Structure formats: structure tokens, C-alpha cells
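**Q** Construct the complete structure from the given sequences, taking the supplied hints into account.
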Amino acid sequence: MAGTPGYILEIHNLYYSYDNRNNVLSNINLGIKKGEKIALLGANGAGKSTLFLNMNGVYNKGNGEIFLSGTKVTRKNINRLRQSVGYVFQEPDSQIVGTTVLNEVSFGLVNLGLPESEIQKRTINILKEMNLYNYKDKPPHYLSGGEKKRVAIAGVIAMQPDIILFDEPMASLDPGNSLMFENILAKLEDKGKTIIISTHNTDFAYKWADRIIVIDNGSILADDKPIEIFTSEEILKKANLTKPMLLQVYEIIKKKYGKDLNTCGNAPKSINEFAKWFNHL
Amino acid sequence: MHIHNHFPIDYYAYNSAIRNWNTSYKMLFAFTAIIAVISSGNFFIPVYTFLFMGFVNTHIARLSIKEYLKALQIPFLFILLGSIAIGGNIILMLNIILKAASAVSAMYLVTLSTPAGEIITSLKRLHLPGLFIELMYLIYRYIFILSEEVHKMHNAGVARLGYINYRTSFKSFSMMLVNLLIVSLKNSRNYYNAMEARCYNGSIGFYNEKKKISWLQLLLFLIYFLFLITGQLASTI
Amino acid sequence: MVKKEKRIILATVLFAAVLGTGTTVSAMHIMEGYLPPGYCIAWGIISIPFLVAGFLKIKNLLAENRRNITLIAMSGAFIFVISSLKIPSLTGSCSHMTGTGLGAILFGPSAVSILGIIVLVFQAILLAHGGITTLGANTFSMAIAGPAISYCIYKTCQKAKASKPISIFLAAGIGDLSTYFITSIQLALAHNTPDGIMASFLKFLGVFAPTQLPLAILEGILTVLIIMALETYGTQELIEIGFIRKGASK
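In order, the protein sequences belong to chains S, B and U.
Its first residue numbered 1, the first sequence is counted upward by one per residue in the numbering used here.
Its first residue numbered 1001, the second sequence is counted upward by one per residue in the numbering used here.
Its first residue numbered 2001, the third sequence is counted upward by one per residue in the numbering used here.
None of these hints come from the bench; they were simulated from the model.
It cannot be assumed that every hint is accurate.
[As the list claims (entries may be wrong)] Straight-line Cα separation of at most 25 Å, DSS-like style, residue types lysine-lysine; simulated pairs:
| no. | chain 1 | residue 1 | chain 2 | residue 2 |
| --- | --- | --- | --- | --- |
| 1 | S | 148 | B | 1212 |
| 2 | S | 121 | B | 1212 |
| 3 | S | 128 | B | 1211 |
This structure is a prediction, so every number in the text was calculated from the model and none was measured.
**A** Right, dumping it as C-alpha cells:
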């Protein structure tokens, strides 16, 4: 089987098991296009992180095929997958190896075997872009949680991946840092990066994503537009997801005032859209 | 900002005024000074080195005298007990005390001004096996992750009255270490994944900015040895 | 003379006890500057073959599975961290575990030699315990001989069908004591008085006894508590980890 044109990353019939008995992932089929904003939802232990590790090539002993821009990924070109698909881990501490912010960001670039001048250029640029330049000589252990997260993201972006995977990025961030993270996301979207975020936060997924993949017990339960996912009681129940607050409010209002409200447009995705919609009533 | 000052020496090193001096230079300087001290047969070299290094550490590296004295206290008990065991000849005892204090002050030229990560990078130049250097980088990083974890666990233990008396505190202490070991070994799998996710291929390498050796640094080195040699010659004549 | 010496030692012990309440007692590290160059080199050379053996052992573990590297490094960091923690104590004085026996029982004596020397380097850099010129001597006593003796005692006790807590207690406690003996020998060799090496050795043993004897007992008890709890609560983890089981069963 060859890759389908138009997809930046394609996964065919992927099965993965840690112990050769129980499949953690079974029959995963996915096609991802450039510039998509995808939220990956699912309970703890559903296989989200395992899927990410397969998408990025750290786990490569499963059955199935992965195509990167139409080229099949094999043992030999696995590093291309690891470079093209960046993975920002949930805990920055599990990702940071460097002894200073500067050399941490350079780690991946050194692994890619780039010439020193290129490494220097990219590292410095990323540090400036992420507002980390003033921290460059600081060791990771004297950084705050939000700063560590930024360093971890910088270390991944420096490798110039096309797709970036974020594993529960906002799990341990305070509101200020969550905002900082959303700004980083916006910047990455502007650059045309494809972004996949695994999260439990359905409010965020509903607001941000243009596609949602629900994974349950190692297989894909649903893969659709956010509105389709969050209005399907069956999917929500099966995957144990809470309906986004805004959507709930929207539905309550809609129920009370009747069906004619449909003329006022689609369900609002953000608080601004909601205000607009509400004022139109 | 959270600064958990688990290891004051590490913290001093990151804030030293001479942190940006070339690491290999500092290491070579300190090492040759230590060799001079331990090979010396008189009082001059240890006393001179102790004063010289004390000056550099407090006035050039800008460590406060209070912090420096505190750091010098660390080996104090060992030096004291050891020299008393040597006993007998008071001059011999004094000589050994001075030598040790002086060598420690020279070692502090490096350790109080150079973060361990940079020391490891310099050791890499000595062509130690790559695996050894790699383990050092990882262990250094993990030491701080674990210490942070201990800090959290200890606070949680205190909150649950785990340290209310001697018996319970002993038990809480050992349980904490057990949890620490189990959790951290589990996490270490993930740490490997994270390295591999960034194309780690079995050798850890970083890009670091070069630190040039300045004339001032060279001059300091020269001054130290010039006076050392002159003083030594003068004391032997 | 003997009486006088005894008095000196007694005074020191009291002094140390008083001092010990405020200062950190560096376990049994020979300080920087304490050994003449010849001894520094000699102990370094003696340590090399053991370190090479440990290095090859770790290389083999990695050849089996490259992923073991973070596991091994984490074990090293763990030994460092437990050696940097204050043991809760009755007197208020600070003592620290050495981790020698624990490391030897969990990871095996050869891997511990490499982890041990790295831990010693960090103890010198971060804690100012020990030093660089004395690294060879400290490595021999704390990372090679101590763990090896611990391990042998543990295995012997097991063969003799001693109960597990007793085996662990003896292994860790005697491991500490032997480190203290060896360090005293090292110091006596380097700094012997006209009375001879033996007399010096006894004097070193004497002055360090007040800090080292209680430590050996504390370390023994703690190591028992830790390993027994590991076996009770961490069975699944130990199996998952594999490396530890291998180290402990071989």
C-alpha cells in the first residue's frame, strides 16, 4: 500500500502491544492533512500517549504502516519521522535533559547532526522567539513550571517539525501560563504547523480544534468535527466525556426558546461567538 | 519563580561572578594548585594558596565572606578529627590541617563558580568514555528531579503527621525513599522515550557557547605561580 | 602517652558530638588535600580494574537494551540523593546514609562501582564531600570495597538461610563498617606516626567511631526497611523494571 496524496501523515491498520498479548492500540487508521488542528480525547489509559509515541516513531515495533508525506516509514528513515513529528511531553521534567536552557534547546539539533553554525542560529532564534533568551544560561532546575514548559516546547520547535503533538499541555499550567500556551499555539498555526493535542479539557477542544479524534480502549471511537462529536450523546457516554460548557448553555437556551433559533447560525465556539449569537436572539 | 535551594554550592556556582570564565582554565588552575599544595613540604605553599584562593573566591568570584566561610566549614569536622588522630607532632598536625583547608579552597575555585553541567562538558574533553559522560549528564539532571520530588514528598509526609516522633519519622523516611525509587524508576522509561522523540541515537551532545580565556584570567594564573615559585625558592634558601 | 592519647580522643569525641549537632558529618569521605600525591595515584590505579569491570557490566546491560540507560542513571541519582538527605535522628546531629549496601544489594557490586564514582564526583562538586585528588581512595573504599563486602555478606547470609531482614541489616551495616575500616587504613598508610601504621590505624578508627558506629546501625535499619518495603509495595514495579530483579537475583 502506498501513501495517499494530500496527507502529511497517514496511519494504516496500526496495532501496538507492550507485552505481545494485550493490544494497547488496535486497528488505528488515520489520515492527517497539513495545517489541521486536532484534539485527541479519551480517558486515561485509553492509549493516547501510546498513539503519540507511535506517531513520532519512538515506538516502532507495532503492526501497521505509517506514511510521512507519502513515503513509507521504515527502520532506516525513522529519524525523519521523529524530526517531522515533534512530541511535547506532558511533564517538562521528563523531557528536559540539558543542563542549561540553551543547551537543552540544542539537544535535538545536535542529534540531527546539523553543523554547529546552524545549531547556534536556530537555538538562539527559538530562544528569542519564545522569550527565553534571558534565561539561556539558567539550569532547568531553577525554572518555574511555566518556564520549563516553554523550554520543553522550544526544544521541540527548534527541530522544525511539520506536525507537533502536545500531550495534555495544560494539565499543570496556571491560567496565566495557559494563556501563554494558547499564544504559542496561535503562532504555530500561523506558520502552517499541524497540531495535535491530547487533552481531557473538552471546553478547550471544542473551542480550539477543527477536528476531534476520540480514542477508547485503544481504538478510534470517533473522528469528526467537534460539533458532531459533542452533540452525539452516544460518543460522549461511551468515552466518558463531558459536554463543553458553552455547548450546554447553548442547548439550554435553544431548548427554551424553540427551534427557530437555528436561523441565528451555528453553535458558538467561543465566548465571543456566543455573545454575538446571544445578542442576535 | 521557585528556587528550591537544595544544594547551596550549585546555587552559588550559577550566580558566581566568574561563572563565565573558561571552565577548563579554572579546572586546570585549581588542579595544579592542589597538586602544588599536596606535594609541598613546608607551610608556605598551603598558606599562600589558601589566602590567594580565598581572595579570588570572595573578591573576584564575589561570593560573600559569610557564604565562603560556611562552605569552608563543611570539611572542618573531618579535617579536625583526622588531624587529631594523626596526633603527636603539633607541626605535622598543623601542616596537614593547612594542606587540606588550602586544597579545599582551591577546589572551591571551580565548584563554587562552575555549574556541574559545565564541569561535565569540560571532562568530555579529557576523552573519558562517552557512556561515562552521558551517565554524568543524566545523573546530574535526575539528582535535581529527585530532590524536588523528595521536597514534595517530605512536605506531604509532614502534613500527614508522618514526622511526629522518632519512630514514625524513621518509618516515614524509609517509605518516602521507597516511593521515590519506585516512581522515579517508572518515570525513567518515559525519560528515555522523550530523548528518543528528539532523535537521540545513543550519545548525548549539546551545543554550548564558547568561553574564551581572557588576558586577565591568564594574568591571574601567572601571578599565582610567580609568587608560588618565588616564595618557595625563598623559603628553601 | 597512651593515657594522654586516650584523653585526646575522648576530648575529640565530646567535641565532635557537640559540633555534630550543627555541622554536617560527611560520611567517610577523605577530604581534598588529605592524601599525598603518591597515595592519590596509587588508590586511583588500584581502583581502575574494578571500574573497568563495572563499566563493561553497564555496557552489557545497555547492549541488552539501550533503554536501560535512563534506568541506570536514575539509580545513580537515587544513591546520590539518599546520601544527601539527613537521616531523622535522636540527637539532632546530621548523619547521612552512604547507600553503599542498598546499591550493592539492588544493583550488584560491579554496576555500583561506576555509579559510585560518579556519585562521589557529584558529592565533591555539589556537597564538598571528598575531593578530586582523593577520588581514587574514596572510590576504592566507598564504591568498590564497601559494596563488594556488603554483597558478599548478603549472599553468605542468604546461603546460611538467615532471615532476609538480618541478611540485609548485616550487609548494609557491615558494609558501612568496612568502608570506615578501609578509610582508616588509607589514612593510616598516608599519615602514620613513628608508632607505626597499626597504631595510627587504631587512632583513626577511634576518632571516627562516634560518627561511624551509629551510622552503620542506622544505615542497616534503614536499608532493611527500604528493601522490605520495596518487596511488599513495589513487586509489580520490580518485575516491570527487570534490571533491579536481575541485579538482586544474580
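**Q** Take the hints in turn and mark each one as holding or not.
**A** Consistency of the hints with the structure:
{"no.": "1", "hint": "S:148 / B:1212", "in the structure": "29 Å, violated"}
{"no.": "2", "hint": "S:121 / B:1212", "in the structure": "19 Å, holds"}
{"no.": "3", "hint": "S:128 / B:1211", "in the structure": "21 Å, holds"}
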